[in-house]
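**Student:** Chains A and B supply the protein sequences, listed in that same order. Here my numbering is used: the first residue of the first sequence is 1, the next is one more, and so on. Here my numbering is used: the first residue of the second sequence is 1, the next is one more, and so on.
Since the hints were made in silico from the structure, they are not lab data. Keep in mind that the hints are not guaranteed to be accurate.
Stated by the list, open to error - Pairs of lysine to aspartate or glutamate, EDC-like flavour, derived with a Cα cap of 20 Å:
#1 Lys176(B) with Glu149(B)
#2 Lys95(A) with Glu146(A)
#3 Lys211(B) with Glu230(B)
#4 Lys22(B) with Glu149(B)
#5 Lys76(A) with Asp60(B)
#6 Lys2(B) with Glu5(A)
#7 Lys211(B) with Asp163(B)
#8 Lys63(B) with Glu84(B)
#9 Lys129(A) with Asp191(B)
#10 Lys129(A) with Asp60(B)
#11 Lys211(B) with Glu280(B)
#12 Lys2(B) with Glu38(A)
#13 Lys76(A) with Asp59(A)
#14 Lys64(B) with Glu46(B)
#15 Lys176(B) with Asp132(B)
As the structure is a computational prediction, the values presented were derived from the model and not from experiment.
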Amino acid sequence: MPTAEYIQNITLSVNGESYTSQAEPRTSLADFLRYNLELTGTHIGCEHGVCGACTVLIDGNSMRSCLMFAVQAEGKEIATVEGLAEGNQLNSLQKAFWERHGLQCGFCTSGILMTLTEYFEINSEYSEKTIRDVLSGHICRCTGYESIVAAALDVANSKEAGNE
Amino acid sequence: MKSSRFQYHRPSTLCEVMDCLKNLENPRVIAGGQSLVPMLNFRLIEPDHLIDLSGITDLDYIKKSGEEISIGAMTTHRTVEFSEIIRTHLPLMSLAVLSVGHRQIRNRGTIGGSLCHLDPSAEMPLVSMALDAQLVITGVAGVRIVSIEDFCEDMLSPAIEPDEILSEIRFRPWQKGHGWAFTEYARRLGDFAIVAAAALLDFGEDGRISKASLTLGGVGPVPTRITEAEVELVGQRPSEELFARTAKYCAEIEPLDDPFVPGWYRQRLSVKFAQRVLREAWAQSQVGNEH
Chain A
1 MPTAEYIQNI
11 TLSVNGESYT
21 SQAEPRTSLA
31 DFLRYNLELT
41 GTHIGCEHGV
51 CGACTVLIDG
61 NSMRSCLMFA
71 VQAEGKEIAT
81 VEGLAEGNQL
91 NSLQKAFWER
101 HGLQCGFCTS
111 GILMTLTEYF
121 EINSEYSEKT
131 IRDVLSGHIC
141 RCTGYESIVA
151 AALDVANSKE
161 AGNE
Chain B
1 MKSSRFQYHR
11 PSTLCEVMDC
21 LKNLENPRVI
31 AGGQSLVPML
41 NFRLIEPDHL
51 IDLSGITDLD
61 YIKKSGEEIS
71 IGAMTTHRTV
81 EFSEIIRTHL
91 PLMSLAVLSV
101 GHRQIRNRGT
111 IGGSLCHLDP
121 SAEMPLVSMA
131 LDAQLVITGV
141 AGVRIVSIED
151 FCEDMLSPAI
161 EPDEILSEIR
171 FRPWQKGHGW
181 AFTEYARRLG
191 DFAIVAAAAL
201 LDFGEDGRIS
211 KASLTLGGVG
221 PVPTRITEAE
231 VELVGQRPSE
241 ELFARTAKYC
251 AEIEPLDDPF
261 VPGWYRQRLS
271 VKFAQRVLRE
281 AWAQSQVGNE
291 H
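Starting from the given sequences, assemble the full structure and let the hints guide the process.
**Tutor:** Set out below in structure tokens:
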């Protein structure tokens with residue numbers, strides 16, 4: 001159990017909704033999302049910033065939620081995989097992963113989706129090379145990456161064709 | 001793998017940071033935390049107090065004043081990557097920053113944090129060494145300026161006291177038309193470099209090399225300037241033969257040696273990379289002069 005003297009209130013916004021919960025300063029943002037807010041879509045893999053599974057967007061920028069403490073995210077706007085779908089409809093990126101078999105066990109998927117969300121947000125031109133560059137921050141032990149890249153390229157082509 | 005307990009402080013001015021450093025027992029300063037948090041999670045370090053510098057917005061800037069470029073210590077790699085000032089005046093840094101970790105790491109990691117962590121293969125210390133950076137260090141006792149050479153004391157051990165923080169990094173850009181090059185090898189894009197190399201070359205009107213900087217990372221305990229090579233390059237006309245000859249000085253560094261990468265491999269790679277960056281810096285200067 002957390003020691004009372006260390007505990008503090010942390011208020012932040014996740015997918016547009018404001019949350020306040022109590023945690024020790026040493027609680028990682030990833031643990032805070034999962035255990036305090038019960039948003040378990042963000043996964044924890046290596047806990048030292050290598051695997052990319054816990055990637056979320058903080059004020060629009062992709063970051064490892066295991067490499068920062070929840071208390072450091074006070075007042076920030078966080079986007080997680082739970083915010084991608086529109087109601088029960090997968091968004092176009094998620095749909096592309098579905099269609100291309102871009103996941104098997106799915107453990108790394110939420111982090112990858114967040115990185116690609118940022119990628120499509122900040123770029124206006126896309127290429128296989130730059131997609132592979134941003135994906136280099138993620139480890140997937142199932143797919144061999146080819147189907148993940150194919151899914152991202154589908155979204156890129158569709159955006160370039162002006163379908164979105 | 002969770003950090004041990006600590007109390008968290010988020011000062012908003014340098015003055016408050018100094019108060020924290022003066023009054024707290026066993027404190028640790030955190031910048032972007034991209035190296036520090038793994039060390040906390042592994043419990044390699046167990047501070048009682050964590051002092052977060054991210055509240056000090058005054059330390060996040062890239063400025064040009066006169067001939068000098070100054071970068072606030074809390075400037076993220078992302079800001080450096082997208083900075084027009086850096087692209088124009090410190091093109092070597094613009095190129096090398098792309099090899100710092102991955103997108104997600106560059107978004108949060110800072111140049112000051114990278115310098116204070118001082119990993120032997122890190123890109124920002126390497127570039128700072130190549131460009132003869134000056135570091136502004138703010139401490140309880142006052143402000144001092146130290147050269148990157150003196151700062152890089154030993155592996156993961158910069159010459160900075162527990163009651164000091166790095167606040168600014170200053171660069172003198174090379175003149176327009178100079179050549180630059182950077183290369184590194186890691187087993188996966190964004191991983192720690194096994195060997196990294198940077199070169200800067202400037203040329204006189206007679207086409208001879210007038211100024212040279214050759215730096216290796218990942219080979220010695222800290223980024224290393226190959227001064228013998230630099231001395232020999234200056235005054236010469238650039239040629240493959242010259243680059244091959246001067247690159248051989250790289251083999252004189254005592255290389256890091258570990259079970260994954262033996263020293264002889266780092267040594268061979270560093271000679272090859274030195275030759276490559278010299279060649280590319282020369283080619284780059286010619287591209288620059290065509291404009």
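**Student:** CA of lysine 2(B) to CA of glutamate 5(A), is that 20 Å or under?
**Tutor:** The given pair, whose Cα atoms are some 18 Å apart, holds under the 20 Å limit.
**Student:** Verify the proposed pairing of lysine 95(A) with glutamate 146(A), using a straight-line Cα cut of 20 Å.
**Tutor:** holds (16 Å)
**Student:** Take a quick look at whether lysine 176(B) and aspartate 132(B) sit within 20 Å of each other, Cα to Cα.
**Tutor:** holds (17 Å)
**Student:** Taken at face value, is the distance from the CA of glutamate 149(B) to the CA of lysine 22(B) at most 20 Å?
**Tutor:** Roughly 27 Å between the alpha carbons, so the hint for lysine 22(B) and glutamate 149(B) is violated.
**Student:** For the pair we were handed, lysine 2(B) and glutamate 38(A), check the Cα-Cα distance against 20 Å.
**Tutor:** holds (19 Å)
**Student:** Need the status of pair lysine 211(B), glutamate 280(B): alpha-carbon distance at most 20 Å?
**Tutor:** Answer holds: lysine 211(B) to glutamate 280(B) is near 15 Å, not above 20 Å.
**Student:** Starting from lysine 211(B), check that the Cα of glutamate 230(B) is at most 20 Å away, please.
**Tutor:** holds (8 Å)
**Student:** So if I understand the rule, the pair passes when the alpha-carbon distance is 20 Å or less; does lysine 64(B) with glutamate 46(B) pass?
**Tutor:** Distance ~39 Å between lysine 64(B) and glutamate 46(B) Cα, so the pair is violated.
**Student:** Next pair to validate is lysine 176(B) with glutamate 149(B); report whether the Cα-Cα distance is within 20 Å.
**Tutor:** Violated, at about 25 Å.
**Student:** Given the hinted pair lysine 129(A) and aspartate 60(B), is their alpha-carbon gap at most 20 Å?
**Tutor:** violated (31 Å)
**Student:** Checking one constraint from the list: CA of lysine 211(B) to CA of aspartate 163(B), max 20 Å. Satisfied?
**Tutor:** violated (38 Å)
**Student:** Given the hint that lysine 76(A) pairs with aspartate 60(B), test it: the Cα-Cα distance must not exceed 20 Å.
**Tutor:** With a Cα-Cα distance of about 18 Å, the restraint between lysine 76(A) and aspartate 60(B) holds, given a limit of 20 Å.
This entry does not satisfy hints 1, 4, 7, 10, 14, going by the numbered hints stated previously.
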